[in-house]
Amino acid sequence: MSGRVIKHSLRSIDTIITTILMPIMMMLAFVYIFGSAMTMPKADYVNFIVPGVLLMTIGMGISYTAVRVNTDITKGIFERFHSMPIAKSSILSGHVIATLLLNLFSVAAVMLISLLMGFRPDANLAEWLLALLLVILAVFAFTWIAVLAGLVSKSYEGASVFSYILLGLMFVSSAFVPTAGMGKVLQVFADHQPMTQIANAIRSLFAGNPDSGAILASFIWLVGIAVLFYLLSIKAYKNKMK
6 MSGRVIKHSL RSIDTIITTI LMPIMMMLAF VYIFGSAMTM PKADYVNFIV PGVLLMTIGM
66 GISYTAVRVN TDITKGIFER FHSMPIAKSS ILSGHVIATL LLNLFSVAAV MLISLLMGFR
126 PDANLAEWLL ALLLVILAVF AFTWIAVLAG LVSKSYEGAS VFSYILLGLM FVSSAFVPTA
186 GMGKVLQVFA DHQPMTQIAN AIRSLFAGNP DSGAILASFI WLVGIAVLFY LLSIKAYKNK
246 MK
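Read left to right, the sequence shown gives residues 6 to 247 (the working numbering).
A hint or two may mislead.
[What the hints assert, rightly or not] PhoX-like mimics (lysine-lysine), calculated; alpha carbons at most 25 angstroms apart, straight line:
id : residue 1 : residue 2
1  : K80       : K189
2  : K240      : K159
3  : K240      : K80
4  : K80       : K159
5  : K159      : K245
6  : K80       : K245
7  : K189      : K243
[What the hints assert, rightly or not] Simulated restraints, written as ranges between beta carbons of each label pair:
id : residue 1 : residue 2 : range
8  : G163      : R125      : 19 to 29 angstroms
9  : K80       : G188      : 41 to 51 angstroms
10 : F110      : S217      : 37 to 47 angstroms
11 : F110      : T76       : 35 to 45 angstroms
12 : S160      : L120      : 36 to 46 angstroms
13 : I118      : G213      : 15 to 25 angstroms
14 : L172      : D49       : 21 to 31 angstroms
Derived by calculation from the structure, the hints in this document are not laboratory data. Using N, Cα and C, we set each Cβ at its ideal position, and we do this for glycine too.
The task is simple: from the sequences and hints, build the whole structure.
This is the structure in structure tokens:
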């Protein structure tokens, strides 16, 4: 089932542009245009911004999951699969696994470009593995949000709206700029929302100076999101198949 989704995605030029080229272009813009307004040196800003760009890559990637799920629902493809002698769990899990694999490819491409731009992590092997685990868990958790959005939306346009909310949270976080420069109320919100915790956790791991508080908070947020939206997605799917 996941192979079907991957084949369809690789045939879409729009998907490739949005999930790989757009994050790279945003990183180039942040570093070489907006980065000049930052107080930190360009090399330091590259190291600072990479976790945020990785989160943006994930956010853009999963937006297509919501659209694909909604398309399968509205066109009756799920009903067709539901009547076939296949594991019912594979219908949704196929989308999740495909999204995970496609996002990891996009993340790898962004990481390669960031290294060419001067990204120099100081992480050891254990810190790299923990950062990778956080990225995988983030993709998994946010994908279930996308699955639910695709299931409950009446159109593919509506299904893609949730991604703008997710991307909006990234901009009101430490993903691209330190929260210390934000207004007081905005800073309080930014410091306590999941995107900041995840960005700070990955950033600290890449720097070779793990922030245990941010890492723990990230795992709590991501596991909680994954469990909640998995259960909501299964319930929504069962309601659709009645």
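Subject >> Which numbered hints fail >> reply: Hint check: 1, 7, 8, 10 and 11 fail, others pass.
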